[in-house]
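Protein chains in written order, with the working numbering: chain A, 90 to 273; chain B, 90 to 273; chain C, 90 to 273; chain D, 90 to 273; chain E, 90 to 273; chain F, 90 to 273.
Keep in mind the hints are simulated off the structure, nothing from the lab. Predicted model, so just to flag it, every value in this text is computed and none were measured. Accuracy of the hints is not assured; some may be wrong.
All copies of an identical chain are treated as equivalent in the list; a pair is satisfied when it fits inside any one copy or across any two copies.
Derived DSSO-like pairs: lysine-lysine, alpha-carbon spacing no greater than 30 Å straight-line [stated by the list, open to error]:
1) LYS272 with LYS256
2) LYS241 with LYS256
3) LYS196 with LYS256
4) LYS272 with LYS241
5) LYS196 with LYS241
6) LYS196 with LYS272
Protein chains: 6
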Amino acid sequence: MYATSLGADGALLRPLEPWRAEELLANVDRGREHIGEHIGFADAVTDLASSRALLHAYAERVAADTGRIDGIWLDGTLVGGVLVRTMDVPRGVAEVGCWLEPSAVGKGLVTRAARLMIDWLVAERGIHRVEWCVASENTSSIAVARRLGMTKDGVLRESYPHRGVRKDVEVWSVLAPEWLAAKP
Amino acid sequence: MYATSLGADGALLRPLEPWRAEELLANVDRGREHIGEHIGFADAVTDLASSRALLHAYAERVAADTGRIDGIWLDGTLVGGVLVRTMDVPRGVAEVGCWLEPSAVGKGLVTRAARLMIDWLVAERGIHRVEWCVASENTSSIAVARRLGMTKDGVLRESYPHRGVRKDVEVWSVLAPEWLAAKP
Amino acid sequence: MYATSLGADGALLRPLEPWRAEELLANVDRGREHIGEHIGFADAVTDLASSRALLHAYAERVAADTGRIDGIWLDGTLVGGVLVRTMDVPRGVAEVGCWLEPSAVGKGLVTRAARLMIDWLVAERGIHRVEWCVASENTSSIAVARRLGMTKDGVLRESYPHRGVRKDVEVWSVLAPEWLAAKP
Amino acid sequence: MYATSLGADGALLRPLEPWRAEELLANVDRGREHIGEHIGFADAVTDLASSRALLHAYAERVAADTGRIDGIWLDGTLVGGVLVRTMDVPRGVAEVGCWLEPSAVGKGLVTRAARLMIDWLVAERGIHRVEWCVASENTSSIAVARRLGMTKDGVLRESYPHRGVRKDVEVWSVLAPEWLAAKP
Amino acid sequence: MYATSLGADGALLRPLEPWRAEELLANVDRGREHIGEHIGFADAVTDLASSRALLHAYAERVAADTGRIDGIWLDGTLVGGVLVRTMDVPRGVAEVGCWLEPSAVGKGLVTRAARLMIDWLVAERGIHRVEWCVASENTSSIAVARRLGMTKDGVLRESYPHRGVRKDVEVWSVLAPEWLAAKP
Amino acid sequence: MYATSLGADGALLRPLEPWRAEELLANVDRGREHIGEHIGFADAVTDLASSRALLHAYAERVAADTGRIDGIWLDGTLVGGVLVRTMDVPRGVAEVGCWLEPSAVGKGLVTRAARLMIDWLVAERGIHRVEWCVASENTSSIAVARRLGMTKDGVLRESYPHRGVRKDVEVWSVLAPEWLAAKP
Numbered sequence: 090m091y092a093t094s095l096g097a098d099g100a101l102l103r104p105l106e107p108w109r110a111e112e113l114l115a116n117v118d119r120g121r122e123h124i125g126e127h128i129g130f131a132d133a134v135t136d137l138a139s140s141r142a143l144l145h146a147y148a149e150r151v152a153a154d155t156g157r158i159d160g161i162w163l164d165g166t167l168v169g170g171v172l173v174r175t176m177d178v179p180r181g182v183a184e185v186g187c188w189l190e191p192s193a194v195g196k197g198l199v200t201r202a203a204r205l206m207i208d209w210l211v212a213e214r215g216i217h218r219v220e221w222c223v224a225s226e227n228t229s230s231i232a233v234a235r236r237l238g239m240t241k242d243g244v245l246r247e248s249y250p251h252r253g254v255r256k257d258v259e260v261w262s263v264l265a266p267e268w269l270a271a272k273p
Numbered sequence: 090m091y092a093t094s095l096g097a098d099g100a101l102l103r104p105l106e107p108w109r110a111e112e113l114l115a116n117v118d119r120g121r122e123h124i125g126e127h128i129g130f131a132d133a134v135t136d137l138a139s140s141r142a143l144l145h146a147y148a149e150r151v152a153a154d155t156g157r158i159d160g161i162w163l164d165g166t167l168v169g170g171v172l173v174r175t176m177d178v179p180r181g182v183a184e185v186g187c188w189l190e191p192s193a194v195g196k197g198l199v200t201r202a203a204r205l206m207i208d209w210l211v212a213e214r215g216i217h218r219v220e221w222c223v224a225s226e227n228t229s230s231i232a233v234a235r236r237l238g239m240t241k242d243g244v245l246r247e248s249y250p251h252r253g254v255r256k257d258v259e260v261w262s263v264l265a266p267e268w269l270a271a272k273p
Numbered sequence: 090m091y092a093t094s095l096g097a098d099g100a101l102l103r104p105l106e107p108w109r110a111e112e113l114l115a116n117v118d119r120g121r122e123h124i125g126e127h128i129g130f131a132d133a134v135t136d137l138a139s140s141r142a143l144l145h146a147y148a149e150r151v152a153a154d155t156g157r158i159d160g161i162w163l164d165g166t167l168v169g170g171v172l173v174r175t176m177d178v179p180r181g182v183a184e185v186g187c188w189l190e191p192s193a194v195g196k197g198l199v200t201r202a203a204r205l206m207i208d209w210l211v212a213e214r215g216i217h218r219v220e221w222c223v224a225s226e227n228t229s230s231i232a233v234a235r236r237l238g239m240t241k242d243g244v245l246r247e248s249y250p251h252r253g254v255r256k257d258v259e260v261w262s263v264l265a266p267e268w269l270a271a272k273p
Numbered sequence: 090m091y092a093t094s095l096g097a098d099g100a101l102l103r104p105l106e107p108w109r110a111e112e113l114l115a116n117v118d119r120g121r122e123h124i125g126e127h128i129g130f131a132d133a134v135t136d137l138a139s140s141r142a143l144l145h146a147y148a149e150r151v152a153a154d155t156g157r158i159d160g161i162w163l164d165g166t167l168v169g170g171v172l173v174r175t176m177d178v179p180r181g182v183a184e185v186g187c188w189l190e191p192s193a194v195g196k197g198l199v200t201r202a203a204r205l206m207i208d209w210l211v212a213e214r215g216i217h218r219v220e221w222c223v224a225s226e227n228t229s230s231i232a233v234a235r236r237l238g239m240t241k242d243g244v245l246r247e248s249y250p251h252r253g254v255r256k257d258v259e260v261w262s263v264l265a266p267e268w269l270a271a272k273p
Numbered sequence: 090m091y092a093t094s095l096g097a098d099g100a101l102l103r104p105l106e107p108w109r110a111e112e113l114l115a116n117v118d119r120g121r122e123h124i125g126e127h128i129g130f131a132d133a134v135t136d137l138a139s140s141r142a143l144l145h146a147y148a149e150r151v152a153a154d155t156g157r158i159d160g161i162w163l164d165g166t167l168v169g170g171v172l173v174r175t176m177d178v179p180r181g182v183a184e185v186g187c188w189l190e191p192s193a194v195g196k197g198l199v200t201r202a203a204r205l206m207i208d209w210l211v212a213e214r215g216i217h218r219v220e221w222c223v224a225s226e227n228t229s230s231i232a233v234a235r236r237l238g239m240t241k242d243g244v245l246r247e248s249y250p251h252r253g254v255r256k257d258v259e260v261w262s263v264l265a266p267e268w269l270a271a272k273p
Numbered sequence: 090m091y092a093t094s095l096g097a098d099g100a101l102l103r104p105l106e107p108w109r110a111e112e113l114l115a116n117v118d119r120g121r122e123h124i125g126e127h128i129g130f131a132d133a134v135t136d137l138a139s140s141r142a143l144l145h146a147y148a149e150r151v152a153a154d155t156g157r158i159d160g161i162w163l164d165g166t167l168v169g170g171v172l173v174r175t176m177d178v179p180r181g182v183a184e185v186g187c188w189l190e191p192s193a194v195g196k197g198l199v200t201r202a203a204r205l206m207i208d209w210l211v212a213e214r215g216i217h218r219v220e221w222c223v224a225s226e227n228t229s230s231i232a233v234a235r236r237l238g239m240t241k242d243g244v245l246r247e248s249y250p251h252r253g254v255r256k257d258v259e260v261w262s263v264l265a266p267e268w269l270a271a272k273p
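Just chain A, with the same shape it has in the complex (with noise of 0.2 Å):
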């Protein structure tokens, strides 16, 4: 019912809602491994009971006010997304993340949908902080920080592990008096 336009290619923002499972089931399931190559999100999302898991998790995120998962279209297939994985709006903090499968890779389309994702955050609901958390190695979403005009607060040495190798994470951020500042 509901579609953000994301720029002149025709790509879309909508709600990821539950019933869209078997569609974010064959997102990932074409961009396994890209997806996979630094996040754990595709590991998540394996067979078409963990996506409905995984989609009825955050529809409870919006239900507590606490998360939102929304998805990018290209040419009406759902290709990616952004999602607020936390937000504590009393104390004003938000995490955002994307995902996105390797044939959509290289149009900006994270960069358009973070855009409207952190506009939402700081101008509707008051976020003063919006976090990015992502892996040392991870050139292409520390790109996207970047153009987001996100600074680097720190790298989290040895945070995780993904496949046998501890990562760092590096924590990028922007808050609400420099996003505002840096809208055309």
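Using the hints, position chains B, C, D, E and F against chain A.
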């Protein structure tokens, strides 16, 4: 983050998520007498806590895939909405309802919003039968059912008490093939 | 501990509590084809676990005061029953249903049991409107509704799928004043 | 809907379901001092909410098959009852208790009701050991245990505080073979 | 992080928290036949999942302040333990139990651990009556009750089935004044 | 039942279980201004109910194996404590925190207690990365992080509001190999 145009007058349909509880309360407060004339909705939203509880309950239905609620905005103000009170996807049946504050009456807003909702139910969710239940005396709501091309299936006699009197309830419905055939 | 006589043939009505799950399963197993011809009840009781789950769900409705289930015994065997599928005491509405295995058909057992159930709903619980929802093709169940003095309120067109075909559902009802006036 | 005769005086035993909370409160209110002399039951039923909560808790035990509560009616008034406080079917053990308002004392009502309850536990539910726990000073309740053919298994010294003094609790029991052998 | 000495042989008592499920399973596996001779504890711990479930259930009792479980370590190996199966602080009653694998029998470990547990119940938690329930045939456990200065309150006849035979259960107890008077 | 020595001054570390809610409230009441200068802990413990709720929440984390809380006693009085606010065993990360009333400041109690906690996390639970999050202005807590041999990973800018001002939060950490190498 999302809004769907309802027409040339700039009216918008948006998801009515729990964080909008203050807007819903203000909307119901402005239209309490009119909204409560035939339906119990107004009595369920009397303060911020009950407004939040109602929106939380609908967010839980989104998570369970059994209902939803969307608001109508006119000139930046929430003036009413449409909702899927119940939805049984395996059975293919859903019941749609609405509310509107008096200042927004007479513009066809509910009919326009209900059309979008039924489109979504039929085309995206595979619902076969969409119901519209309405007190026999609620002539304006019955007029909406007619405009939506619905058929009266029957009258549930003395079906609920409202302000001291038991009301007859008319059940109107449209089936998916009827809905699709009537599209221009 | 409890049994109410249904008449001179020694038939009895008893609460159908969770510990009777084996009896219910045997009853449904004997009548699976007949019971399942028009209603989904048979499909919900396929083994001991599902039988127990159904009776547990009804016991929870007794606890919440929103429903109940009672069995009909003939010659010491559970042959069917009546149930209050939904009951909304503040609103004054309840829906009654039934099932019966074929060997017990034709003796008026369901009509007798339903009379006791409606007496309880109207006289002891203050229910104003008792509904009986039945597939249009289920002539024997419609005959029960007539014998109970009910009125047909309407036909919910193509209301649920059963074995591949969508069924029309007739809504019959009797109001408390009608019920009391018809008592001998 | 159900009632079992307790004898020629017209006393009846009925399931004490949650919707009877007002009757239970009235019963306890009339007998508060007497009922509360030795047991905590009266202190648990002090207003409509607590009465409903107690009956709801017992309805949940019916659903879980771990207990039940039944009321004694005399001349149309609820005057007391018997209950299965705990029931462990796999282990074959249950504890039975009772309460009675003073106007109904001396008629053997509790003994008659407890007999029906123990019959149900032993004959229908396969319970092997039925317990009756009673304060050593509660001579009338101990007399019931004797009339039921129970044996005193021991005295749990200073087992619970009641109105400032710790009470000894006698444990009486009857085993299934004893119960069946004593039947006329 | 915590350990209390049980004496000169280096035996230790430690909280048995859920993360120790593997140690508990190994302990029960080594002593399965002996531990299971009189009590059901061994039958409740048959694999890692059931071991974790048992420890989780006791951790929930700590949270609810209704019980606890502590392990006995000898030479670095978990060999048994003591537990507060039930604890009703407002009522002032608790039941203590134990288990031990055969290699650790005969050293007085359970008696020493139970002394610490009863000290805690009486001195720190204000428990008035500490119970010890034991099968009549379990002579070694009855010897512990005697060594703890307990009194036999009675015998619950044929109280539970164990491997095909119903067992008598002796109830032993010590009251707080008795316990404190017996301290050296 | 359990206590671990923190050194020659007789200070003790003990599990802070829910039944100690009164002691915790007294501790926080004595140090409310000092404890609340930089952290929200003091604001979460304002009466007996909130004190019990906080300890109950931590006991649930023990049950779920996701955290714990332990108190520091000096001369028989609870003066502060250390806690594992979050613990993700599969991921190998935990966050440790502390609080202390002013009379106990300057004795190194928190450093000593945190050492025991980190030893447990690293040696017994296999945690790889232990975090210490602290407001940039909280110099005494930062001094503890230094004494524990931790490294500053970064500064989360304006990370939470405290008494009207958004505070920067420093993230300090020590990795398991670092911790083990630094042991004498």
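Going down the list of hints, with the structure as the test:
1. LYS272 with LYS256: So LYS272 and LYS256 pass the 30 Å test across copies only (25 Å; inside, 33 Å).
2. LYS241 with LYS256: both (16 Å within a copy, 17 Å between copies)
3. LYS196 with LYS256: Classified as within: same-chain Cα gap 27 Å, cross-chain 37 Å, threshold 30 Å.
4. LYS272 with LYS241: For LYS272 and LYS241, only the intra-copy Cα distance (20 Å) is at most 30 Å; the inter-copy one is 32 Å.
5. LYS196 with LYS241: within (24 Å within a copy, 36 Å between copies)
6. LYS196 with LYS272: Result: close within a single copy only, 21 Å intra versus 36 Å inter.
Comparing the model with each earlier hint shows no violations; every hint is respected.
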